[in-house]
Structure formats: C-alpha cells, structure tokens
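Model the full assembly from the supplied sequences, consistent with the hints where possible.
There are 2 protein chains.
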Amino acid sequence: MEMSGVGPLTAALRMQNVVQSSSRWAQGQQYRPWTLRSLKLQPLSPVPSDIEISRAQTPKPVDQLAQEIGLLQEETEAYGRTKAKVRLSLLDRLREQPDGKYVLVAGITPTPLGEGKSTVVIGLVQALSAHLKLNSFACLRQPSQGPTFGVKGQRGQISTHISMLEISMLINESFNLHLTGDIHAITAANNLVAAAIDARMLHEATQKDKVTVMFSRNPGWKIHGFRAYSILIPGVFLGMFLDFCNLKCDVMYELVFYIYIFGVGFFRLVVVDTNDRFLRKITVGQASTEKGHVRETQFDIAVASEIMAILALADGLGDMKTRLGRMVVGSSRSGQPVTAEDLGVSGALAVLMKDAIKPTLMQTLEGSPVFVHAGPFANIAHGNSSVLADKLALKLVGEDGFVVTEAGFGADIGMEKFFNIKCRASGLRPNVVVLVATVRALKMHGGGPNVSAGSPLPREYIDENLSLVVKGCSSNLRKQIQIAHLFGVPVVVALNVFKTDTQAEIDLVCQMAKESGASDAVPCHHWARGGRGSVELAQAVKQAGSQPSHFQFLYSQETPIVEKIRMIAQKVYGADDIELSPEAQAKIDYYNQQGYGKLPICMAKTHLSLSHLPEKKGAPTGFTLPIRDIRASIGAGFIYPLVGTMSTMPGLPTRPCFYDIDLDPVTEEITGLF
Amino acid sequence: MEMSGVGPLTAALRMQNVVQSSSRWAQGQQYRPWTLRSLKLQPLSPVPSDIEISRAQTPKPVDQLAQEIGLLQEETEAYGRTKAKVRLSLLDRLREQPDGKYVLVAGITPTPLGEGKSTVVIGLVQALSAHLKLNSFACLRQPSQGPTFGVKGQRGQISTHISMLEISMLINESFNLHLTGDIHAITAANNLVAAAIDARMLHEATQKDKVTVMFSRNPGWKIHGFRAYSILIPGVFLGMFLDFCNLKCDVMYELVFYIYIFGVGFFRLVVVDTNDRFLRKITVGQASTEKGHVRETQFDIAVASEIMAILALADGLGDMKTRLGRMVVGSSRSGQPVTAEDLGVSGALAVLMKDAIKPTLMQTLEGSPVFVHAGPFANIAHGNSSVLADKLALKLVGEDGFVVTEAGFGADIGMEKFFNIKCRASGLRPNVVVLVATVRALKMHGGGPNVSAGSPLPREYIDENLSLVVKGCSSNLRKQIQIAHLFGVPVVVALNVFKTDTQAEIDLVCQMAKESGASDAVPCHHWARGGRGSVELAQAVKQAGSQPSHFQFLYSQETPIVEKIRMIAQKVYGADDIELSPEAQAKIDYYNQQGYGKLPICMAKTHLSLSHLPEKKGAPTGFTLPIRDIRASIGAGFIYPLVGTMSTMPGLPTRPCFYDIDLDPVTEEITGLF
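Each protein sequence line maps, in turn, to chains A and B. Residue numbering for the first sequence follows the numbering used here, starting at 1 and increasing by one per position. Residue numbering for the second sequence follows the numbering used here, starting at 1 and increasing by one per position.
Since the hints were made in silico from the structure, they are not lab data. Be aware that a few hints might be false.
Note that identical chains are pooled: a pair holds if it fits in a single copy or bridges any two copies.
[What the hints assert, rightly or not] Below, computed lysine to aspartate or glutamate pairings styled on EDC-like, alpha-carbon distance capped at 20 Å:
# : residue 1 : residue 2
1 : K598      : D319
2 : K598      : E96
3 : K514      : E669
4 : K60       : E75
Printed below as a string of structure tokens:
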C-alpha cells in the first residue's frame, strides 16, 4: 500500500479502515446464525375462516425476515412489503456451508377436495421453528391462476395444488395473484417460441428469395466464430455461401428451410395460465395473410409447460439457459430435431426468465420463512417446487436445520417424480418422507361413497366408521408407505385431523400406519392450533431425520424407456403391465434413435387413483396401464407418457368459483378467494 | 382525554406526544416540496451506444427518489431496487393541491424507424428538472414484449411505441422486460373472460339439467338482494324459480341460456403479448370434449385489448371495476348485450388488475422521475399512457411544475385520441403540445425515397437536401401543426437533431414551423447531450405554457357515430369522405340501437400516413377513407372503427431481432436489446 505524503495518523486510520472493512467483508461471506422472531398466534375456538385468521395477523416486513435468516441486504429484491426475490449469489457465498435435513411431504391418494398437504408443510415448519426453535424453511409451489378461478374447495379439476388457504397462511397483505410474475414470464417465453416457429415456417415457405441462415450455437455448428444466424441472405446466394462456409449443402438445407414441427410430440406450442377448454384443440393460421399455412395445434396450461419444468429443475442461470436452448421444438424435413437454440431464440428466452429463476421469499402466519417458486402440476407435469429454492433453503437453515418441501398429490405421482426426476437433477437426497393422510380419504379408499366438490359429504365421512378406516389403511395407506420404502427413505405418517374425526379413528390410523412400516404416525392439529398443533409431528420428523436413510432410485437411467415406464406402472401403481398405443411406440422408437433413451420418465396420470381410472380407489390391482401418447421434454430432461385420457388443458366447471370473487374498491379487500 | 391516575409530568408528556404526532400527521397530509438530486451525465463524443450510456450511470434507490419528490413511505411499493408502484391514496392526500402544467408530446407522421418522440419526452423532463430546476415528471407507456422481439430499430411492424432506447435511459440495472407485470395482468384478466365465455356456452348448451342462474349486479336485475348467480339449479326447476323471482321467463331465458357471442364486434376474446401472426384467425373448440362447439375467433395483441384501454382510462379502482364489468362480451340470442358483469367475472377481473392500476415509478439517467403505466398502441388502440399516472404526476410536481406525457405516433392519431378520448375521460386540459419532427421524416414527406428498417438509408437522408425539407415542412409538418390548432392548444416544434443534419436544414425547419403557426420551434440535442441538449426546448415549453390555451374538442359526444368518424377523416386526415362497409354500417345501427352512439371514436389506422395508405406521405388529399369494420369497447368507452387493412395482431419479420438478444449467465448482462 502506498501512502506517500500522508501523515502517520492518517495512515494508521486508513489501515484500520482497511482492516475493518475486510473483516466486515469476511463476516459478510460467512454463514449468519438466525435470529428469527416468531409471531404469536391466538388460536380461537371455533376456528375462524382462513381469511379471518390471515387478516388478524400482521406479517414482518420482508427485509426484516431476510435479515433474521441471515440474508445479506444485497441478496434480496423486494416486491412490495411482504415478498422478495432472493438472488442466487447466496449459493456461492454459502458454498462451504453444510446442508440441513431435507424433508419431503407427500400424501396418500387424495379425495377431489385435497387432504391439506400444503397446510401440513406450513404447520410442520411453524412447529419446528416457532416451537422447537430449530431453523426451518418451507418450499412451496406457486399457485396457477387457472384452478384459482375454477372449482371451489377443489380449486381446479386437475389439481388441488397449493390452495388459496395455504397462501392465506403466508401473507395477509392484500394478496397479489400474480405473485412476482414468474408464471407470466413462463407464458411469455413459451409463446415467444411459438411465434418464432410460426413466423419462421411461414417466411421460409413463402420467401425463398430471402433466407435467414441459421447455425446452432453448438460448437459443432459455429462457423468462423460468428453467430451466423444474424445473416439474411438472398436465396440465390445460398449455395455460394454454403461453399464458403465449407458445409455440406444438404445438412445446411435442412436447417435453413422449413421446419417440420409435428408428429414427434415435443414442445407444446402455446400456453396460457387459464382453464380454457376451447383451446384444447385448435386450428391456427387461417387468416389470408398466412397464405394457407393452416395447422392444428393446442394450448396447454402454463404450469404443464416444458419451460415451467425447466424453471423447477434448473440449478442456476447458466443451466436454465442451456436447458431452454436444448428444448426440441420440432423436427426438420429430414427428421432431425430442431431446438430453440437452432431457432435463435434461446438468448431471448433466458432474458425473459432471468428474474423468474430467483425464488420468492414469504412468511407463514407465525413468521417462519417460506420460498414460493415454480408450480408444475403433479399429474400433468413433475409436480415439485424448484431445485433452487430447496438448495438455497438447505444452505440457509444450516446443518441442524430442516427444509420441508412438498410433492404434489399422492406419493405415487408427486413423490415418485420427486425422487426419480428432481433428486436425480439436483443431486440432493431426502432424509424423511412425511406422508399425509386424512380419515376422510382413508374412508373413501375403504369403500366409502363418492366424494365430490360442491356436494355435501355423505354421513360415512361425518360419523365414526372404523371398518372403512381399516380398509383404507390396509389398502392405499399401506401401499403409499411401501412406495416410499422402495426408495429407502423413512416415512412418518401425518394424520391431518378434522373436527369430525373421533379419537378411536385417529388411534386406529396411527396404529395401522406403524404396522405398515412407518417409523412413526402422529395426529396433526395445525388447522386449529397453528404450529403448536404440529409439535408432535415435528418431534417425529426430527427423530426420523436422525436415522440413516438409504436412498436409491427406482430405475437406472440406462434402462430402456419402455422398461422404465413398466417399472413405474408395476412397482408404484400396482399394474400388471403397460399397453402402448402404436403412436406412443413410434415416438419411443424415434426418441431412442435420437439418443433420448436415457432420460427419466414423467408420467401424466390421474391423481385420484393409483391406477389410470379415477374411480378405482384403495390399492387397485389386475389392471393394464394404457399409454395413449408420449412426449419428450428434452430441455427439462424427461420423457412424458400420457396415461389414459389425461388432458393438459383443464376447463372451468358449470359454476366456476370466480362468481364469488370480488374486490371492494374502497378498502381494496378481496372476498371469495379463500 | 381521560388521564386518571397519571401524574402531571406523564400527562404533559403524553399531551406533547399527541400534539407532535398530530402535527406529524398534518405535515404528512400536506404537499411536500421537492428535494430532487440530479445525477450528472458525462456526455462523451463520439456518443457511446445506448446501453453503454445506460450502464455508466448509477440510479438512485427508488425509495430515495420517492422521498425526494414528496411521496410518503406508505405510498410506494418497491419492485426491486429501481422500480416502485405508487398507491392511488396519494390523490386523496393531495386533493387540494393545484395541478402543474400539462404538456403533450406528439409527432409528425414518422418513418418506419420512429423519430425519437419518447427520447424528446425524457430530454425535456431532464432539462426542466436538472437544468431549469423546475419540478417535472415524464409519463410514458410500458413497452409491449411483442415488438421488442420483432424488428430492430423499428421494434415491431405496427409500432415504434416506447423503444428499448428510452428504457435504457430510465434505468441501467439489469432491465426487467416484465416491468411490474401489468401487461401480464391484462393478459390474464382478458383470458379469464374468454375462458368464462367458452365454459358457459358449452355448459349451457350441453347441461340443460344444471343451470347457473345469472343475474346482473345492475340494480334492475338484483333480486331479493342476493347475488343470485351463485345459484346452480336443476333445469327442471327453472320455471318455478323464475316464478318465485317474479320474472318474465323469456327475459330470464335469454340471460340464463346460451350466449350468442358473434357478429356485433365487441370484446376480443383472447390475447397474448407476443407477435404471433398464426393467431390472427383461428378455430377453437375442436377437441372431442367440446362436443362440436367449434367456432372461429382470433387473438389480439394484449396492448390492443379493451382491458389495456380500461387501465389507461380509469381514474380509480372503483372506476376500473365498473368499466371491467361494463365490457360487452357478446349478445344474447334475442340480441341483448351481455356484459362481463352478467358473466359474474367482473369481481375476479378487478382482483387480477388491482395492482396493475398503480403507476410504476422509475427515473431518467439524470435522476428525474418517470411514471411508466399502461401501453396501448396508438394505431390499433388509443395510444396514450394512463390518466392516473398523469393525475398523480400533476399533483406531485405542484403548481409551477410540468408533466410531460406522450401520445403515440403522429399527431393525427395519438394526439387526436389524446384530446378526444383521454382528455374527455380525465377532465384534464393540456397547456402545450410539443410536436416532434426530424429532418429525415420531413425529407421522406417531401418526396425522398422509401425508408425501411434493416436497409441502409438512401443518400438523400445523409446529405443536405433543402428542397426535400421544404416540401416536407409545407406538407406534413404544417398539417400536423394545424391539427393541434384545431384543438386550440399552442404548439412548440421540437426538431430532434441527428448528426447528419446540417445547420441550414435545422434553421429551415425552425423557420418554416414558425411560419406554419408554431409558437416556437427549436432544435434538440438530448441524444448527444442529455437534458443539457434540451434546455432550449424546455425554455420554449415554459414560455408557451404561460400563454392561455383555448382547448376545445373536435366533436361533441352528441354527434352521431358516422358524423364523428367523418369529422376525424376530413378535418384531421384530410379525406374527402368516408366509405362504410355494409358490415360496419350494420354494427353502427346496432350500437345506436343499444345507446352506444355517444361514445367517442378510436380510429385503428396506419401510423405511416395521414391517410389509410402507408405509402402516401406528406399531406395527402383526394382520398376516401374506407371503414372496413367497427367494434365497440363499451367498458373502455369508445367505438373502434378499423380503417383499411389494419390488423390487431402483428407478426414477426423474416429476421426477428430476438436473434441478437442474449444473456450472459455469469454477469447477468443482457446484450442485443438496444
């Protein structure tokens, strides 16, 4: 350090400043212990409505929460007063910090009303942090707007997902349905790809005199070091240009001209985050300006899109960009896959998605931290919150802390995909599975009458009925515990207690769960009592988390596609075998030929049964699983079989719940959302 | 005040506290003088690229900016570090505060490259605030993502809109294309209506056994005081129910059953913020689940949607909600209009839009405040930023301050709609019009060769050519000045100087502008010198603003629809007459019959000519304006004639500029957006 012309005192002061600031810097880099301030709940009897509970509580400012859990100021970006995006640089700062315990909350096969899995996540985290004083973090998915406006209670025909009830537990400030806009970013990115394909197909077919020369950014295609797809050349010069580039003309030709998009089941073209059933099958390009380039296509709901899956599975900005570029959007005329990178659109997609990749920090009603990030449905997508939210949370809670993440719907779909897809992508290994059950769902599996949204519950579900409970425990509950054990992870059964449940029913479930191999089984009363109602569950999870876990995948990546599907069908669902449609078989052949055979499998299957038939409750056997169609999400990194009649665009019911949603323009209070 | 059992000192202290806090409260209610800190620009020669200029500048934290311009802490909601939404409660607090001066920036008919109107807004505000030390505020529209990914330079085939260049002048932190998500909220709201219609039509046509009874919330329809559309009743009971409600069955029938949507040109069903030309004409409902309810429809781009217009024209949350409910989405089988309110969806729409209604505060590179809010295109929508942003800004700048707002494209469309639609809705009256011209556009109007995006500029535009300039000034410039004078507002011509312009050309434009009636005409050098380059313009605007303005509308609301269209065509565009297609005439008859005849007119016309023919430059005469079709946006409050071949869904060009857009995943730096 040079200090010419500076007196000794000044020099000493400067030196001191330098020392102080480097020490501050070093401290900044270190892990910071938590100073979490819990918010007291005043549980009331009778339990008030969700919205009343939520409004009665004042959340901490999000910057205070961020400070309490050891985030640096520059690591957060506030969105209003109760939400903040957290920057991924945190992962770098806490590189050396050991991860906390990793807890997955899954469930038995639910009724159409949902069994409160997300509320178990919230209750457990509140119990761990506010009552056992252990650092803990909840990781949830962002709710889709589609189901929000659909079926009351059920919230959508295909997903109970994270409901408004859970959200009401997170914040009470006027709720922003758009959250921090991540699903909108996904929609915009997806539809940019669709527009790029449409425009390109049209211009290539109609303007042979003006050709956009397109090379992939893959090293093999990069020519003379420049991004050549910025070149628009007259068609007549194409041959000369190709000679100049020293490329075989036929190879260029198929990249340059006319993308043949259909028939190989890749990228779903256009998405909206709305349940619009009329967009399930459409014909586009009918305006005269499109010169007869009409084609059939369909919309998917945004949360079932490949870009949503990419957001949930990426482990950084670079990885997300690579996956976006790798998405196969169709095939060329000679049958070669064409990617988003080939279309020249991957940079723009990364720009559209660069903020969506940061998880959103919120809090529970008791002031515990929550990440809300990504929201794939578990039946028509892989159904788990993001790898990045889990990774950030695992670093933040520290070695003795707990991260509780949720897999959608029953363990047969959400949990199976959590293990085989998400854990494979992230490299993370879970310590405990919490399996959520309700007396209501167990009675349904035991042979109780049909449960449906909007209709009153039959008496069997209100009065004590031990025989239905026994049959439900010995069928669906036992089977779902066995599925978790296939992966070598200890299971704690959490019985989400409703006020109609009798003590005998509760005791019976806990006893039968343990007999079926659960490490423990406890009743949870978080709905009535908040975190305090889940202390027993928290203790059971802490205990199970201290046991060794022997995690293993169900199948190796090397197993052929058909075999992987069969293993899931037989070992997880209990099917005798699978049956492939000729269309599905042809696509599998094509995928194998293209080298996609090593990808894991993401089944699109009903969540209402272990089988493909929603009405088959309990643990059905003796059925053959029909694979109607199959898609490949190469960017997300999975093969996507469609089982039976699964649709990737939900619809609204006869009486959608948006009828009840209203806003008071003076108080800005929202009614009917909960 | 009761103070029993409290000592005198304590009582005195308490009293003092009460006095202090009420005085603090009273101060909080008052107007707060500004303490704006301007940021110094270091203008460089040669002028660096926009992105380099932008990155070299560190913006103030948005909460600091908010404090400097007299906002209370509780009046802002931060979105990241450089953006904040401003709450509408401000209007209430500053109710008594007189408005500042209201300046509209419009332009002559542009070339396809755009003439830098938004940069004139920014330069003017920087000059007023950083150099003349007058409180001033810019109000801009939010850019649509569609054109952002379209044509470089032009940014979209139909709109230069606010370009990325302007945005680069606003913030230099990594730019978020989604801003605060307002356009996404509009898309979501619009598509919810579409889904609601689709679902309702299907269920009513196929489930006569289950009928959702629907009453409007209009007082006339409210029955027995309850929101009856929450009722789902079996079809067989419908008659009994109607008797019970004491309603004529046929009236109910048409509200209860089957909405006939088409043929009267109301609400555009589905929108995306993407240029996807294949969605211009589509057929939906082709899946077997829709049981043959196939129909033709089309997508519009979100910024041309009625909900975007409502956002821009609403003057509060209540007004927005009323307008959303009033949107006519189709007609019943007996020909009665059906509204969003009738569909039961208006409350949900208000919930989706409740944050979008708050303008977004940002800053220019020199630290002056900017509101970015709403973004209707000026050719296929009304083309002006929001009434609310202008109103908030007029209160904030105070009596001696200036609010500079922008109308899209040429004065013939953006400015005409500003006066006849926006000022009519807001009640605000402008003090000055700034008319932006460039030597390039004037030469084009004077007979210069074709200017197109992506092609090099012909020599005429690079070398001095006084004769082309003269012809441009005496045609298009003179006509646009005359159009502003039709409304009785003084005009200052701002010549946006390019480096190829010669002094003789600049002097000639200024002289001819004054001869054509402009109060003043000055060259602007903001592109090279920032606010300092616009000081002369700022002084001219200040001077013109002190003159009396005699504002008048072009037409009265009472004038019949056809007459209003004719007045715009003849007086503004210079047409001989208009020509209505039979379809347009039939719709006008229907609108008159429904009582919509008093609404103002929003012409959808090319921005590239005063006429309907883009190739006709200068000030064309001797043409008949063809009205191909006509729509009615009852919620937004205007009748919407489509002139010639205008499309409300743009497309991407052969070589879209997304090819150049990229993101560095390590530095998070974006390239190619500017």
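Going through the hints against the structure:
no.	hint	verdict
1	K598 / D319	within (19 Å within a copy, 57 Å between copies)
2	K598 / E96	neither (32 Å within a copy, 70 Å between copies)
3	K514 / E669	neither (46 Å within a copy, 54 Å between copies)
4	K60 / E75	both (18 Å within a copy, 18 Å between copies)
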